[in-house]
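Q: As given, the protein sequences belong to chains A and B, one line each in that order. FYI, in our numbering the residues of the first sequence are 39 to 639. FYI, in our numbering the residues of the second sequence are 39 to 639.
Hints are computed from structural coordinates only; laboratory data are not their basis. The structure presented is a predicted model; accordingly, all values stated were derived computationally and were not measured. All residues carry an ideal CB built from backbone N, CA and C; glycine is no exception. Please note that the accuracy of each hint is not assured.
Claimed, not checked - Below are the SDA-like pairs computed for lysine to any residue, each with C-alpha atoms no more than 20 Å apart in a straight line:
#	chain 1	residue 1	chain 2	residue 2
1	A	K592	B	K592
2	B	K374	A	Q207
3	A	K374	B	S261
4	A	K592	B	P368
5	B	K218	B	G257
6	A	K321	A	G510
7	A	K263	B	T637
8	A	K218	B	K374
9	A	K592	B	P206
10	A	K592	B	G257
11	A	K374	B	K218
12	B	K263	A	G367
13	B	K592	A	A178
14	A	K584	A	K85
15	B	K85	A	T637
16	A	K374	B	S226
17	B	K374	A	P256
18	A	K187	A	V273
19	A	K263	B	K592
20	B	K592	A	E632
21	B	K584	A	D634
22	A	K321	A	N307
23	A	K592	B	L281
24	A	K263	B	A638
25	A	K85	B	A636
26	A	K321	A	W463
To be verified - Okay, the calculated beta carbon distance ranges per label pair:
#	chain 1	residue 1	chain 2	residue 2	range
27	B	S97	A	M39	50 to 58 Å
28	A	E294	B	E245	45 to 53 Å
29	A	D591	B	D260	41 to 49 Å
30	A	T41	B	A593	27 to 35 Å
Claimed, not checked - Part of the chain A face toward chain B, derived, beta carbon under 10 Å:
#	residue
31	N54
32	M487
33	F506
34	R576
35	V580
36	R617
One letter stands for each residue in the lines below.
Number of protein chains: 2
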Amino acid sequence: MPTYTAPTRDARFVINEVLDLASYGNLPGFESATPDLVDTILSEAGKFTAEVLAPLNRSGDEQGCTRHLDGSVSTPDGFKEAYAQFVEAGWGTLTAPEEFGGQGLPHVVGFAMEEFISSSNQAFGMYPGLANGAVSAIIAAGSQEQKEKYLPRMIAGEWLGTMNLTEPQCGTDLGLIRTKAEPLDDGSYAITGTKIFISAGEHDLTENIIHLVLAKTPGAPDSSKGISLFIVPKVLVNDDGSLGERNGVVCGSIEEKMGIHGNSTCLLNYDGAKGWLVGEENKGLAAMFVMMNAARLGVGIQGLSQAEVAYQNGVTYALDRRQGRALTGPAEPGEKADPIFVHPDVRRMLMDAKAFTEGMRALALWTALEVDMTHRAADEKDRKTADQLVGLLTPVIKGYGTDKGYEIATNMQQVYGGHGYIREWGMEQFVRDARIAQIYEGTNGVQAMDLCGRKLPSKGGAAIQAFFKLVGEDVGAAKDDEALAPLADKLEKALGEQQAATMWFMQNAMQNPNNLGAGAHHYMHLMGIVCLGLMWLRMAKVAQEKLAGSPEDKAFYEAKLKTARYFFDRYVPDAGALRRKIESGSESMMALEEADFATAA
Amino acid sequence: MPTYTAPTRDARFVINEVLDLASYGNLPGFESATPDLVDTILSEAGKFTAEVLAPLNRSGDEQGCTRHLDGSVSTPDGFKEAYAQFVEAGWGTLTAPEEFGGQGLPHVVGFAMEEFISSSNQAFGMYPGLANGAVSAIIAAGSQEQKEKYLPRMIAGEWLGTMNLTEPQCGTDLGLIRTKAEPLDDGSYAITGTKIFISAGEHDLTENIIHLVLAKTPGAPDSSKGISLFIVPKVLVNDDGSLGERNGVVCGSIEEKMGIHGNSTCLLNYDGAKGWLVGEENKGLAAMFVMMNAARLGVGIQGLSQAEVAYQNGVTYALDRRQGRALTGPAEPGEKADPIFVHPDVRRMLMDAKAFTEGMRALALWTALEVDMTHRAADEKDRKTADQLVGLLTPVIKGYGTDKGYEIATNMQQVYGGHGYIREWGMEQFVRDARIAQIYEGTNGVQAMDLCGRKLPSKGGAAIQAFFKLVGEDVGAAKDDEALAPLADKLEKALGEQQAATMWFMQNAMQNPNNLGAGAHHYMHLMGIVCLGLMWLRMAKVAQEKLAGSPEDKAFYEAKLKTARYFFDRYVPDAGALRRKIESGSESMMALEEADFATAA
């Protein structure tokens, strides 16, 4: 059975020491987020996830969800009780607005908590995770009445929520939606259609589920400009807040999947279900994107989370399992064999994991702080700058974070050798669970196009230029420091590769947009390397400063410096290769015809 | 339901046109392997695998194997009948020696067949696959009596066989084996111990199973130098060849695994089972390596096979599924959306797959020809040269081939978006099945050390120097050709990176062997790129020659040239990055202490 320990020390390092959260105390909502409170929250969250959620991860995978003949769905044993504890402790209220019963804490705390939840039990975490997305959309686009009716119960965790986008014929391309919304006399709509792949679409955790559903009103434009967003509660809510009749939405089936078996992935049939328009007609996509962007960051954190828990168990096994001898001679001559930890190739996989998880955690938490800035910075200009940066980083965190998360989970399974392939060891579950994160909330190919096709050219490249400036400033400052200069030099080189690739896009995408599409995925990875490089440079700087003061946990800071060196040795060389691939353009990629792909017998 | 078409046209291209098998007609066994016969075999094998084995792949995965209370094991529905057809058609006899009832055909034909079997149903293919390994070991090390007793029935497929190496405490490090072999008065041994992860260890396909078992005789050295190899039949064989008593080996359990559910992975309990020594006492490892090297090539082909079948289905879906529009404007304006085939990022994944599968097929078949040369070349020197080359290529085919096979299978699942994660589409099975190939027959980390620690330094680097020379000669010849020169230039550059990395090992591994271990995995991938580059250069050369003659299937050869260009554009840039990673050495990789890997709460 795999185990999990929430990496609270490392989260505190990033939040308190690298990001210096305390220095933002003058911003609304931050004043109460003192280091003491943050420590307490992280520590309690660590306990809850390790003690309550982690023990249900394997059993939830084995048992899965069960749909009954009446369309109701049971979650795996223990999920209901764990969710009751989650609600009781108020874990869903952390970052929600105070006016609807939330605690209004900074997202940087919420993101750390999200990682712990997802590491301990990704399938469980998706139930409150999807509800968060629904809450964001109602906050952003709902009426005051809708907010008052739904948000307090959703934020308290009494009700959960979902996002309903996908239909059998329609995934990425939301213009193809067929679900209909017919206006009724009372101002509501009758929603009819079939939605698929609805995570947490039906379950027994709460007595109501608030579905947010994309549908088309009569005569709406036949494109993504004709989509509207509706609130469709599973159980209708009376004016006094009590639950009324069951609405016309039923779970028709649940999917048999590769992983995340503890989460019910539903086909939902809407048959004249009563729904209420959120925001304006035909503007549903914009409201949905609010929810999607939050969800994409959450999915990126899922990538990190599976890498982290797989890493922890990889370390345990590497120290326990004995096979062969160190290349430099027996490390433990009294034993018949050394722990496989001594083998460089095992260490390579562990270091790849450590360099990724710690770098990615820093990137996610830094972005969380920027998310807070988009709402809370005093200055309008600062809010806009933050918004631009978050928009740029979101596809990188989702796409690079989940590609690497899957790769790391796979490598940690590899550390186990044959035992990694056996279900009872639990390592293969991490791989199967991690796999979905590369697919949902927009496949990573979609993320790459969001980054390169939308975010890069937006406002004349303002966001990417600001990012380059920011990295350049850190590089410049570090170059004056003897110890940091070698790291800064390597980051500068990687930055140069990214800048060159960006320039190449500018010069070649106009004449043929396929040149952009052909390089987008590689660019996303190239930017992921630069982002993690920036984080490692910042972490190394803090570690070095701390070491100058002879801190108590000297080993922690020394390990940071060593891991930073590893990152620059083993991750950064890919930057040049990615640039060269991008610069090879679309010609050979698009050269073959349809028929050339057919297999000839 | 996924489908499969055996790529016989491509196999014929490699065998007849690139390798020019007909030109080897003067060698024993090759005279009968005329292009006509090869075509017939490939075509029949293609039909058998597509029509009989492929339809059982999904159902075999869903149903899995069942162990009954008496220790007997049932294979999935249909496997028994399919195996009977396999035997009836004589598919297991292709390359086996004629003196024991085989057809004595070149391995190049057998390898092509192995790919088809594994693509259509990897779990099924493992039953005869493991038996092949057992046959190789008996041929290499068994007595004449043993050969006569077992080989004809095994080659005919009447009996199957297994390899028993692993024990709970002992995987890679065979010195840790505890299974005991006590000599009996009649010259046989009593085998007692527990073996785990025994593929095809118990089943209902044949009435006997010939286990090849590693065990220790009394007083044997406490290391890998004290291991002996034994034949332990499931049912004892009387002197007249009839089946006698049941031997003392029982399947204690079958493993629940991530994939290859159609194959029974057994824990076998040996309780004084009667066994017969194969070859000399304490020389079991050498005999086992004969079988292992054959098996490693087979596992490399499994990597190719899962990539191939996943690719075929990826293509089908990409042409069928419509989402979004081409970046260059609607490709099919009459439809509501274009096939996702138009998107460069989808094309990237398809082209990565095509460039890998076709390159890897050529590499596997070229190596198969060299395997034949080790036995059949007229000249002793040529046999040795071939043996050296096969030894060098084996870990690359296994390690690089299966790492890429898994990656490609994952990418083809990605083409399906959300549907790729759903079991019924079958794409996630390819990923789960492909995963094992990176692990068994020596993890890919073990392959990397076999390549770098054993094969590179062997005989003063003779094998790698010969390989460099061979690549250099092809590069040199191609440089004179205007069309091929750009490809040759890129291969030359990649070769230069590999040579530099090799030199770096020579200069740095003596002083610290961890410098070798730290770079071994990257080196294996670097060499994989050079190997596939060599294959693509050769295939491009043949394609160009054919095109000069205005052949009927012009499009086939043009596609080869275009895919070759893609390979050099998108695979080869990694060579430089891998070299730089290798040259960063082991310092940062090995810098952390055990305690630094612990997660601090």
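Q: Now, for every hint given, state plainly whether the structure supports it.
A: Hints versus structure:
no.: 1; hint: A:K592 with B:K592; in the structure: violated (67 Å)
no.: 2; hint: B:K374 with A:Q207; in the structure: holds (11 Å)
no.: 3; hint: A:K374 with B:S261; in the structure: holds (9 Å)
no.: 4; hint: A:K592 with B:P368; in the structure: violated (60 Å)
no.: 5; hint: B:K218 with B:G257; in the structure: holds (10 Å)
no.: 6; hint: A:K321 with A:G510; in the structure: violated (39 Å)
no.: 7; hint: A:K263 with B:T637; in the structure: violated (48 Å)
no.: 8; hint: A:K218 with B:K374; in the structure: holds (18 Å)
no.: 9; hint: A:K592 with B:P206; in the structure: violated (39 Å)
no.: 10; hint: A:K592 with B:G257; in the structure: violated (50 Å)
no.: 11; hint: A:K374 with B:K218; in the structure: holds (18 Å)
no.: 12; hint: B:K263 with A:G367; in the structure: holds (18 Å)
no.: 13; hint: B:K592 with A:A178; in the structure: violated (58 Å)
no.: 14; hint: A:K584 with A:K85; in the structure: violated (28 Å)
no.: 15; hint: B:K85 with A:T637; in the structure: holds (14 Å)
no.: 16; hint: A:K374 with B:S226; in the structure: violated (29 Å)
no.: 17; hint: B:K374 with A:P256; in the structure: holds (18 Å)
no.: 18; hint: A:K187 with A:V273; in the structure: holds (13 Å)
no.: 19; hint: A:K263 with B:K592; in the structure: violated (45 Å)
no.: 20; hint: B:K592 with A:E632; in the structure: holds (15 Å)
no.: 21; hint: B:K584 with A:D634; in the structure: holds (17 Å)
no.: 22; hint: A:K321 with A:N307; in the structure: violated (23 Å)
no.: 23; hint: A:K592 with B:L281; in the structure: violated (70 Å)
no.: 24; hint: A:K263 with B:A638; in the structure: violated (50 Å)
no.: 25; hint: A:K85 with B:A636; in the structure: holds (17 Å)
no.: 26; hint: A:K321 with A:W463; in the structure: violated (48 Å)
no.: 27; hint: B:S97 with A:M39: 50 to 58 Å; in the structure: violated (31 Å)
no.: 28; hint: A:E294 with B:E245: 45 to 53 Å; in the structure: violated (36 Å)
no.: 29; hint: A:D591 with B:D260: 41 to 49 Å; in the structure: holds (42 Å)
no.: 30; hint: A:T41 with B:A593: 27 to 35 Å; in the structure: violated (56 Å)
no.: 31; hint: N54; in the structure: violated (14 Å)
no.: 32; hint: M487; in the structure: holds (7 Å)
no.: 33; hint: F506; in the structure: violated (22 Å)
no.: 34; hint: R576; in the structure: violated (18 Å)
no.: 35; hint: V580; in the structure: violated (16 Å)
no.: 36; hint: R617; in the structure: holds (8 Å)
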